[in-house]
Each structure stands twice: as structure tokens, then as C-alpha cells.
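Protein sequences, first through last, are from chains G and X.
So in the numbering used here, spot 129 of the first sequence is number 129, and the numbers just go up one at a time.
So in the numbering used here, spot 227 of the second sequence is number 227, and the numbers just go up one at a time.
A portion of the hints provided could be inaccurate.
Going by beta-carbon spacing under 7 Å, a handful of chain G positions derived as facing chain X [said to hold, decoys possible]:
1) ASN35
2) VAL39
3) PHE40
4) ILE114
5) PRO115
6) LEU121
7) GLY122
8) ILE134
9) TRP165
10) VAL232
11) ILE283
12) ILE285
The following label-pair restraints were derived from C-beta to C-beta distances [to be verified]:
13) X:ASN273 <-> G:ALA83: 44 to 50 Å
14) X:PHE39 <-> G:THR200: 50 to 56 Å
15) X:LEU325 <-> G:GLY136: 30 to 36 Å
Derived from the structure by calculation, the hints contain no laboratory data.
Positions of the beta carbon are idealized from the N, C-alpha and C atoms, including for glycine.
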Amino acid sequence: MTRLLTSREAQLGVAILVMIALIAVRFPAFVAPANLANVFNDTSALIILALAQMAVILTKCIDLSIAATLALCGMVAAMMNVAGVPLAAIIPLVILLGAGLGAVNGLLVWKLDIPPIVVTLGTMTIYRGVIFLISGGKWINDQQMSAAFKSFPRADFLFLPVLSWTAILVVVVFAVLIGRTPLGRSFFAVGGNPHAAVYTGINVGRTQFLAFVISGALAGLTGYLWVARYAVAYVDIAGGFELDVVAACVIGGISIAGGAGSVGGAVLGALFLGVIKNALPVIGISPFWQMAISGTAIILAIAVNASQGRTKGRVILKSAEHVA
Amino acid sequence: MSLSDTPHARHIPDRLASPLSRALKRWEVLLFLVAAAIFVINSFASPYFLDPWSLSDATYNFTEKAMIGFAMALLIIAGEIDLSVASIMALTSTAMGFAVTLGAGTPELVAIGIVVGLACGAFNGMLVAGMGLPSIVVTIGTMSLFRGISYIVLGDKAYNGYPASFAYFGQGYVWWVFSFELALFAVAALVFGVLLHRTNFGRAIYVIGNNPVAALFSGIRVARVKFILFLLTGVMSGIASICLTSRLGSTRPSIALGTELEAVTMVVLGGVNILGGSGTIPGVVLAALVMGLVTFGFGLLNVPGIVMSIFIGLLLIGVIALPRLWARARRRR
């Protein structure tokens with residue numbers, strides 16, 4: 001029970017509730033169910049990507065190209081729509097494209113042993129550049145997209161838009177994947193101790209590769225949802241969003257050193273940022289504050305993560321060490 | 001990742017290769033040849049290339065980035081990284097722009113630029129060296145924080161109206177076609193070269209990068225060295241920001257966006273091991289020349305900036321991937 005109360009998830013959950021309560025005191029309209037559903041819908045993309053990033057971070061890697069992958073897949077989705085490809089084909093195709101882009105990252109990390117930060121810093125600019133090349137720097141806007149393409153993520157289904165349901169579905173799939181499958185366990189094993197993972201028969205590089213593929217595929221899916229929701233595609237969509245995604249993970253208590261974190265933490269980290277982002281205009285603060293707040297939250301979260309790690313200590317075999 | 005516990009059996013030759021062939025295989029020599037080749041290709045590709053004034057203009061493509069690159073090289077050799085350099089530039093530039101609205105003159109602006117850079121570096125250093133947090137996330141955080149402050153201050157506005165004398169740093173010439181920035185670049189290269197290759201401090205940087213624990217046990221104050229390196233990176237970002245702001249004559253919060261990528265690329269292209277422990281300042285100087293020449297050549301051929309950034313990204317991955325592919329191919333043989 002005490003462990004539950006002192007867990008990162010509980011702390012974050014309380015922090016979010018307190019934040020919402022404080023806002024509600026001054027602006028009761030903020031806690032109207034419709035508005036809260038709206039906040040959740042607005043945060044859906046961040047939740048999906050935070051989970052994708054979590055898979056990568058768990059394996060001791062980082063994917064800074066996640067927003068560029070999203071933007072490239074979004075642009076391709078919009079271009080396919082303009083070219084008349086049916087929606088039922090566009091969605092699997094962009095997921096496939098995203099997985100392919102993730103596989104490029106993964107292969108460079110796996111086969112060439114290049115540090116993930118360098119790989120994804122490089123592919124981040126390359127993918128953005130490719131959007132410029134394929135689009136010629138032009139925008140694809142509202143009028144060029146078909147009604148079906150735009151309305152799908154916004155369609156209401158059991159009180160929530162499809163976009164929100166997609167996020168919920170991804171959360172459920174991740175909860176199963178991370179908690180109940182060998183692949184999920186191997187993510188933790190690879191990040192927690194790569195050498196030990198090798199001894200238990202886990203292919204470290206392949207596991208990292210799969211994490212990147214998952215991350216890319218989800219970024220591809222989000223790319224379509226993003227472009228359809230905002231009804232515009234251009235080179236810079238979701239620019240800098242990778243920082244928000246990493247911030248959500250770090251705030252959610254996912255250790256950047258790999259091997260520690262939970263689905264609940266990532267979701268709450270994303271919701272934390274989502275509530276702040278939606279609350280800023282309500283309480284009359286310029287949206288330009290968002291970036292600095294994210295940055296501060298990242299720094300505070302790592303500092304807290306580190307101090308918690310220090311006090312608890314992770315040495316399980318202390319007594320055995322002394323005997324030896 | 002090849003984390004197999006048995007390291008590859010190291011091939012020890014019976015005798016060393018001749019000094020000439022060893023020298024030719026050095027990364028710096030390779031870079032020099034590449035730079036020379038690009039120079040020749042460019043001079044054939046465009047008739048405007050060989051003009052001393054246009055070459056002088058070309059140096060602006062790398063001078064500011066290289067100033068940061070030198071400090072970044074030291075940091076990466078020591079096994080850390082600073083992704084917040086571009087944001088430090090933005091914040092520094094914003095602080096200077098704000099000071100202009102209060103009526104600051106050129107000397108005050110320079111002082112503010114250096115002090116703000118120093119403060120940002122100290123903040124990074126405190127978090128990484130003081131509290132032992134991983135530099136990648138810390139500087140991703142401060143990257144967001146520093147530029148975020150610029151956005152809070154500026155929003156969608158811009159500062160301009162810098163004093164006329166302030167323009168010297170980014171637009172002035174020391175002698176003939178040699179700009180102030182180029183001179184500063186040369187001085188910085190010299191200072192950082194001596195610091196890294198000729199002082200105890202420089203040796204300590206290599207030791208820390210190769211084995212921080214051994215460095216600690218051999219009496220090196222690891223945290224202090226790392227803190228100083230973050231300070232240096234902050235100061236150099238501040239100085240680069242003074243040059244850039246002076247050259248552009250205005251400040252927007254999006255100023256210098258993406259510079260961290262180019263600085264890291266330059267350092268890695270210069271032969272610095274991204275995992276720390278090895279690298280040289282002459283390598284970074286040559287990498288700066290190569291990148292400057294390439295961007296200038298592309299510019300002459302009217303290639304848009306974002307296409308150049310694809311090239312930079314490919315370069316970053318390529319220069320790390322190629323030696324590894326090469327080593328693997330040789331091991332197979």
C-alpha cells in the first residue's frame with residue numbers, strides 16, 4: 001500500500017488531479033466532462049507517441065526522429081489522399097511506411113552499432129528534408145483533402161472521437177505487450193542490463209530494432225491522425241514535438257538509462273503535459289510559455305528520478321556481496 | 001549491438017607500417033584531401049567560387065558553428081554532450097536584444113552575451129557534473145527551457161535596432177577579406193587546440209572520456225573538469241550568438257534553430273569518437289572547412305537550405321557508419 005502511494009504513477013496522478021482542481025476553482029467550465037474529454041482527445045497523439053518512445057527508451061535507446069517520422073507519414077498520407085487512394089488503404093500504408101522509417105533507425109543501431117542519439121538526430125533532419133523533397137515545400141490544405149479522410153479521426157463513437165479511442169486502444173495493446181509478452185520483458189531486460197540479457201539468450205540489437213519499428217509504426221499512424229485532425233500537411237508539422245514526447249516519458253518516470261518505466265507512467269506523463277497545455281489559454285497565460293514549462297518539467301523530473309534512485313538503492317544482492 | 005563477451009582477437013602486426021602510410025591513413029589527412037577535392041570541384045562548378053570576397057563570405061557558413069564545435073569536441077571527448085547550444089544562442093541573443101531596448105551600448109551587449117552564455121553553461125554543468133544527471137536528457141530539457149524563455153520574452157515579435165558599432169562582430173573585417181569572425185575562429189582553434197593537446201587539463205579530458213572511474217582514482221577532479229567544459233561550451237555559444245546576432249541584426253526566438261545538430265555533426269565528422277575518449281581539434285577545424293565548402297558550393301548551385309540539412313544528416317550518419325562498415329569488411333577478409 002505504501003509502495004503504491006509513493007509510486008511515481010500515484011504522485012503524478014495526484015499532481016494532475018490537484019492541478020485540475022486548482023483550475024476548476026477559478027474556471028469551473030474546465031472540469032465539464034465535455035471539456036475533459038476534449039483535453040484527452042487533444043493529448044491522444046502525445047499519449048500514443050509517449051508509449052512508442054517508451055518502448056525505445058526502455059531498451060536504452062532514444063528516438064528523436066519520432067516527430068519527423070510523424071510529419072513525413074502525415075504528408076505521404078495527405079498526398080495519397082489527394083491522389084485518390086482510399087482511406088482503408090492509406091492507414092495501413094502509412095503505418096507500414098512509419099515502420100520502415102523506424103526500421104532504418106533500428107538497423108543503423110543494430111547492425112552498425114551507431115549510438116541511437118546520433119542516428120535519430122541524423123534521420124530527424126533527413127526525414128524532414130524528404131518531406132520538402134516530395135512536397136516541393138508546398139502545403140496540402142483543407143480543400144485538397146477528401147471529407148472522409150478528414151472526418152475519420154473526428155467521428156464520434158460511444159461519446160468519444162475515434163482519435164481518443166485510438167489512443168485508448170494503443171494504451172491497452174501496450175499494457176499487454178509490455179506486461180504480458182516475452183518481447184515486453186526483453187525490452188526491460190535489454191535496458192536494465194544488456195550483458196545479462198545476452199546471457200539469457202536475448203538478442204539485444206534485434207530487440208532494440210523491434211522497439212524502433214514499433215515506434216516508427218505508431219508515429220506513422222499518428223501522422224495520418226494528426227494531418228487529418230488539423231486538416232493541413234506541410235514540412236514543419238509537429239516540429240519539436242519529439243521534445244514533448246521525451247518530456248512525457250521522463251515526467252512519467254521512465255528512466256532514460258533504460259530498463260525502468262511503466263505504461264501508466266508514460267500515459268500520466270503525457271496527460272500532465274496535455275492538461276498544462278490546455279489549461280494555459282484558460283487561465284490566460286500565453287501559449288509561448290509551453291516550451292519553457294516542458295523544459296522545466298523535464299529537468300525537474302530527471303532530478304527527482306535520480307534522487308529517488310539514490311535513496312532507494314537497487315542493490316539486491318548486498319548480503320551476498322559481503323559474504324563473498 | 002555486439003555485446004558478446006569475447007572481444008575480437010586483436011591483430012598485432014609484426015612491425016609497424018611505414019610512417020608515410022600511417023600518416024596517410026589518419027582521419028585528418030583524409031579530411032584534408034576531401035576538403036581539397038571539394039575546393040577543386042567547386043572552382044570548376046561555379047565561376048564565382050574562386051573570388052576572394054565570395055570565399056570570405058563562405059567562411060560565415062562555418063565560423064560560428066565551429067566556435068561551438070571546438071567546445072563541443074572537448075565535451076564529447078570527455079563523454080558528455082550538450083544539445084542545448086542552439087537554445088543558449090537564442091537566449092543570449094534575446095537577452096542582448098532586451099538590453100538594447102533598455103539602451104545598452106556595444107560593450108554592455110558583449111558582456112551580456114558572454115555572461116548569459118556562461119550562466120546557461122553553469123546551469124547545465126551544475127545539473128550534469130554537480131548532480132550526476134545524464135547530459136543527454138538534461139540538455140534536451142535545457143534546450144526546451146532556454147529557447148522557451150526566449151519565446152516567453154519575445155513571442156512572435158523580434159528585437160532589432162542594435163547599435164551600428166555592434167555590427168562589427170558579424171560584418172566587420174580585420175584585414176582585407178579576413179573577417180572578424182574568421183579571426184575569432186582562428187584564435188578559438190588555437191586556444192582550444194593548445195588546451196586539449198598541450199595541457200594537463202586536455203589530458204584529463206581524454207582520461208575522463210576513456211574511463212571516468214580510473215580518472216577519478218588517478219586524482220582527476222572529474223566533476224570539476226566536466227563543469228568547466230559545460231562553462232566553456234556555454235561561453236562559446238554566447239560568443240557565437242554575439243557574432244550571429246550582429247550579422248543578422250535582429251533576434252527572433254527561432255534564431256540558430258538546429259545549430260546543435262550541425263555542431264555535433266562537425267565534431268563527429270572531425271573524427272571525434274561520439275562515445276568519448278578520442279579526437280583532435282585539427283580534425284574539427286578541417287571538418288568545419290569541409291562543411292563550409294560543401295554548404296557554400298550547394299548555395300552557389302541554388303540548392304535550398306533544407307536539402308542541405310538532408311546532406312548534413314546523411315553526413316553525420318555516414319561518417320560514423322562508413323568506418324564501421326570498413327572495419328567489418330576487413331575483419332571478414
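Task: In rising order, the numbers of the hints this structure does not comply with - done: 1, 2, 3, 8, 9, 10, 11, 12
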